[in-house]
Structures are given as C-alpha cells and as structure tokens.
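Undergrad: Spelled out from the first residue to the last, the chains are:
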Amino acid sequence: MAVSGVVGTGGNLRLTPEERFDKFVRFMRFVAEVRGAARDAEPAADTAAAGARSPSLDGQA
Amino acid sequence: MEEGGPSAPATAFEALLAALIDTGAAFIVVGGIAGILHGAGRATYDLHVVYDRSPENRDRVVRALAPFAPYLRGAPPGLPFRWDAATVASGLNFTLTTTSGAIDLLGEIPGGGDFAALRGHTIELDLFGRTILCLSLERLIHVKRAAGRPKDLEAIAELERLAERRGSKE
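Chains as they are written, first to last, in the numbering used here: chain A, 1 to 61; chain B, 1 to 170.
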C-alpha cells in the first residue's frame, strides 16, 4: 500500500530509536533554520521589490 | 490535541524530555514523537506525554517544567495562570507552550486511558543515556484510531505499514 507523505520509513526501521530521534531532531532544526532564513529574507525581498518598482515609477515621472 | 503548528517556535524535544526524566517524573511518550521512535517519518511540532496523576508525580512534573515557564497554548497573554501543583491537581490535560516549545501534558487520552492503563502497553527505550517509556506501536495505532481525527488518517496508515513490516506483536 502506498502511503503519501511518508519519507524514509523503510530506512528508519534500520535505525535504533535513539538514531530515529536524532534524525528527527536534526530535521526539525533544519526546518527551523529554513523558516528563520525565510523570515530574514522577507525585508530584503520587500526592499528589492521596491527598488525594482522605483525605476519604473521614475520613468513614468 | 492542538498542535504547535509549523508557525510555532521549534520545540526542543530533548530539553523537555530530559527535564521530565531528570526529575524522576513518570510519563509515557505518545503522539507523533512515539511514532518517530517507532520509525515513522512524519514531522511533528509538539511533544505529547501521558503523566502519572499521583500527587508525588504531579509535583515532579511541575518541578520539571517550571524552568520552561509553561503557559496555556493559544490563550491570550496576561491570564492569571500559575504553573504549580494546585493548578495541575485541579486540571487533567494541559496544552502548554513553553520557552522550549509546545508540550501536551495529558492525564488521560481517548482509547487509552490514564498512565496506569497505558503502562502495560509501553516499551522502554534508551534515549540520550536515559530510559523512557514509549507507547507501543500497536497501542499508538489504537489510540490514534480512537481519537477519530481526520488528520491522523495518514499517520495511522503509516504506523500500520510499520507494524506490518516489523511483524510486531503486542
């Protein structure tokens, strides 16, 4: 039976419970880092978007 | 059980578990982390434990989590909530946010009952040099079915697949 959303279950069975837990914790740390990076990038993206609009606005003026 | 959710602060599962273990609290890991320990590959954002409701153990749980400043998850700030033995004695299931993330502290769970009822359906696991009680795979499937939440359906399918592959018997 195919189960959607399941990642690496077969591989996990070869690990000890402690190794499974460590793998999960590392994954969640990675997720937290990615989320943090995305949050940090938001102001820069806004600035870039504003900069991209400015020439056009200047051109119209 | 309300989830911490992907927008919540990351939960430091090791810190919360270690604190509970180090105070000698009697508890059973259930929920998503129990699934992870059994080999599931599904992310979870909070820690669910069933704790023994004896007065002595309630005190241990209070002591264990006090450094993490527990507060009612999802509640507006400023409520007169005090994390102490009297609060835990007067409640049963607590969905909490802490400085180390979300934890559901459960006196009992649907389809599983309380700590004493679940104790016979646990396995002992070694985790960072400590021994913890984790709900057995079969009982975890049973309580997830009993919870009847649509969002658990995929998790149940995965756990059943794990049980098949392991050929485990309770």
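FYI, nobody ran anything at the bench for these hints, they're computed from the structure.
Please note that a few of the clues may not be correct.
What the hints assert, rightly or not - In silico contact screen, one side only, chain B against chain A (beta carbon under 7 Å); selected entries:
{"hint": "1", "residue": "A10"}
{"hint": "2", "residue": "I36"}
{"hint": "3", "residue": "G41"}
{"hint": "4", "residue": "V62"}
{"hint": "5", "residue": "A89"}
{"hint": "6", "residue": "L92"}
{"hint": "7", "residue": "L125"}
Cβ atoms here follow ideal geometry from the backbone N, Cα and C, with glycine treated the same way.
Undergrad: Does I36 of chain B hold up as a contact with chain A if the rule is Cβ-Cβ below 7 Å?
TA: Since chain A brings a Cβ to about 5 Å from I36 of chain B, closer than 7 Å, the hint holds.
Undergrad: Holds or violated: the hint that L92 of chain B contacts chain A, with Cβ atoms closer than 7 Å.
TA: Given a least distance of 27 Å, the restraint on L92 of chain B is violated.
Undergrad: A10 of chain B was flagged as interface toward chain A. Is the shortest Cβ-Cβ separation under 7 Å?
TA: With a minimum Cβ separation of about 4 Å from chain A (threshold 7 Å), the hint on A10 of chain B holds.
Undergrad: With a cut-off of 7 Å, does the beta carbon of G41 of chain B approach a beta carbon of chain A closely enough for the hint to hold?
TA: This interface hint holds because 4 Å falls under the 7 Å limit.
Undergrad: Any CB of chain A closer than 7 Å to the CB of L125 of chain B?
TA: With Cβ-Cβ at 5 Å, under 7 Å, it holds.
Undergrad: Would you check whether V62 of chain B satisfies its interface hint, that is, whether its CB is within less than 7 Å of any CB in chain A?
TA: This hint is violated: V62 of chain B lies away from chain A, its Cβ roughly 25 Å from the closest one there, beyond 7 Å.
Undergrad: Less than 7 Å between beta-carbons is the criterion; does A89 of chain B satisfy it with respect to chain A?
TA: Cβ of A89 of chain B sits 31 Å from chain A, so the hint is violated.
Hints 4, 5 and 6 from the list above are not met by this structure, while the remaining hints are.
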